[in-house]
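Letter by letter, the chains look like this.
There are 2 protein chains.
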Amino acid sequence: MTTEGPSAAPRPGTTTPLTERSSRVAVARKLTRRAGREKAGAFLAEGAQAVGEALTAHADGVLRVRDVFATEQSRHAEFLDRARAESVPVHLVTERAAASLSETVTPQGLVAVCDLPDTTLSAALTARPKLVAVLVGVADPGNAGTVVRVADAAGAGAVLFAGDTVDAYNGKAVRASTGSLFHLPVARDRDVAAVLSACRAAGLRLVGADGYATGDLDTADRGGELAEPTAWVFGGEAHGLPDEVKSELDTTLRVPLYGRAESLNLATAAAVCLYASARAQHRQ
Amino acid sequence: MTTEGPSAAPRPGTTTPLTERSSRVAVARKLTRRAGREKAGAFLAEGAQAVGEALTAHADGVLRVRDVFATEQSRHAEFLDRARAESVPVHLVTERAAASLSETVTPQGLVAVCDLPDTTLSAALTARPKLVAVLVGVADPGNAGTVVRVADAAGAGAVLFAGDTVDAYNGKAVRASTGSLFHLPVARDRDVAAVLSACRAAGLRLVGADGYATGDLDTADRGGELAEPTAWVFGGEAHGLPDEVKSELDTTLRVPLYGRAESLNLATAAAVCLYASARAQHRQ
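Chains A and B are the protein sequences, given in the same order.
Going by our numbering, the first residue of the first sequence is number 1, and it counts up by one from there.
Going by our numbering, the first residue of the second sequence is number 1, and it counts up by one from there.
Because the hints were derived from the structure by calculation, they are not lab data.
Being a predicted model, the structure only gives us computed values, none of them experimental.
Hints may contain errors.
For identical chains, the list gives no copy identity; a pair is met inside one copy or between any two copies.
[Claimed, not checked] SDA-like cross-link-like pairs, simulated, lysine to any residue; straight-line CA separation at most 25 Å:
| no. | residue 1 | residue 2 |
| --- | --- | --- |
| 1 | Lys130 | Glu262 |
| 2 | Lys172 | Gly236 |
| 3 | Lys130 | Gly259 |
| 4 | Lys172 | Val105 |
| 5 | Lys172 | Gly259 |
| 6 | Lys172 | Arg21 |
| 7 | Lys246 | Arg190 |
| 8 | Lys172 | Thr104 |
| 9 | Lys172 | Glu237 |
So here's chain A without its partners, still in its complex pose (with noise of 0.2 Å):
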C-alpha cells in the first residue's frame, strides 16, 4: 500500500484503499489529539492548501512529512506527485478514512502526516525579528491560526504560544493559518515569564494589546514608538491579558474605538496592532 517513488504512484483500480480501521490511519488518528501529537511527535495537515505548504517545507529542508493520505475521489493529483517526487509515501484512503482524520465539516480527502516542529524559544528568535506576536492563553483554535497568518502577512519573524494557549498544531489551527505556520517560526512554552524574557532578550519592547490602556495606538504610531522592534503580547478572547502580565509588559496600547463597538475580536485587532508596526517599520 505505501508507495516508495513515483513509479509505485497507486492507481485507481490497482490498489485497495486503506479503511478507516487499518492500523495506519488508526495511529494517524491519534494526532488529531494534543496528546496524540506529543507521544507520536507529529501532526495532521489537511487539504491542498496545508498539504501544499508542508511539501514544499518538507523539499526545503525545513520539515519532513512522513506520509500523505488521499482518497481515489480527492483529485489532487499535482500534490501526490509532488509527494511521490520528494518520497514521501502516499496511501490511498477510502472516504471514511479520511474524513476520521479530519476536524472540518467537509473532509477534502487529502491528509499529510508532518514531523511536529520542536522549536525553542530561542530559536525561534535567533534570527532577531523586528516583529513578533505573542499568544497568552488564547482559547479558539480557530482564532490562534488566523493570529499566525495574520503575523505572517504582517512580516512578523516569530509566533510564541504561551501559558496555556490553545495547541498551534491543532487541526483547526493548523487550517485557520493557511499554510502560514509552515512559513515562519511557532514555539510554545507554558512559561509566560519565560517567554517575555526571551523577547526582552532578543532585543523587543513588549507591547500588550489591552482595551482599557491610555495610550492608543494612532498616537502610539506618531510618536514613533512603533517603528521600534516590538513583540506584541496577546490576551485570551474571554478576559485578555492578565494582570501579572500586563505589569511585565514595557506598555500595553489600545485599538482605537472610533464608533460604539465596546471591542474587537482577537484577529481583527491583532491585524490592526501588527500592520500598525509593520506599517512603521516599512516606513523607516
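Given the coordinates of chain A, work out where chain B should sit on it, guided by the hints.
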C-alpha cells in the same frame, strides 16, 4: 404567560415555561430562517449582549423589541427587568424551547424577537458618513457579522449588504456583530450597481479591497487618499471582487503582504483597510 409590565413578571414556580411545541415558540423558530424573517418582518437576537443592545435600541426608539424569551436558569434578571420596564413581553421558556431558537452550540437561554429594520440605501447614507463598508457576495454569516463589528469600531456610518451577500439578520451574523448591528444603519440591496451609485451620490470614493491591485494601502496612505470620504468594497471569501464590480470602482488597493502569507481572510483584511481610513480621517 405573556407579561405586560413589571408587576406581572414571571417568577420561578409561579408560571409554567413554554415548551418548544407552544405556538409562540414555534412562530419565533421560523425566524431562524431568512424566508421566515422576511415574512414576519422580525429577527432573533440571542444572548445577554445582543439582547442588552436590542433593549437599548428599543429604549432609544431605534428598533422595536417584540418579545423576550428566557429560561428560568438563564439568570439574566437585569435584562428581564429592563424588558418589563419597557413593556416588552417576557416569556418563560424551557431549556429545550430556548435551544430550538438558538443557532449556537451552547444556547444562552435568552432570546429577543426584534423588528427587522427596513433601512433603504438612501436612509443608510442620509447622514453622509465619511466611512462606509460594502459587502459584495460575502457568504459566511460569521464573517459578515464580524465586518459589521469592525466597521462600527472604525467609526463607519453604515454597512451595505450588496448582491447575494448573506443575510445580515442571520443568527450567526447577529451574534458575530456583538451588538454592532444595533449601532449603525445596515441596508441590503441585491442590485450591486444601485449600491455603488448610492455611495457615489453620497460623496463617497469607491475603493475595492483586492489582493491583485497595483496600489497598496501604505502608498495610498502616504498620498493622502485614505482621508477622503470612502466606501470600502469587500468581495466574497472565495473569489474576492468580480471584475464587473471592480470596473465600477474609483480604485482598488491591496493590503501589503510583508511576509509569505498569500492573503488575509475577509475580516482581518477589512479591519486593516477600515482602520487605515479611520486613522487617516482622524489625523486631519
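Can you give the numbers of the hints that this structure goes against, from lowest to highest? The structure conflicts with no hint, since it agrees with every one listed earlier.
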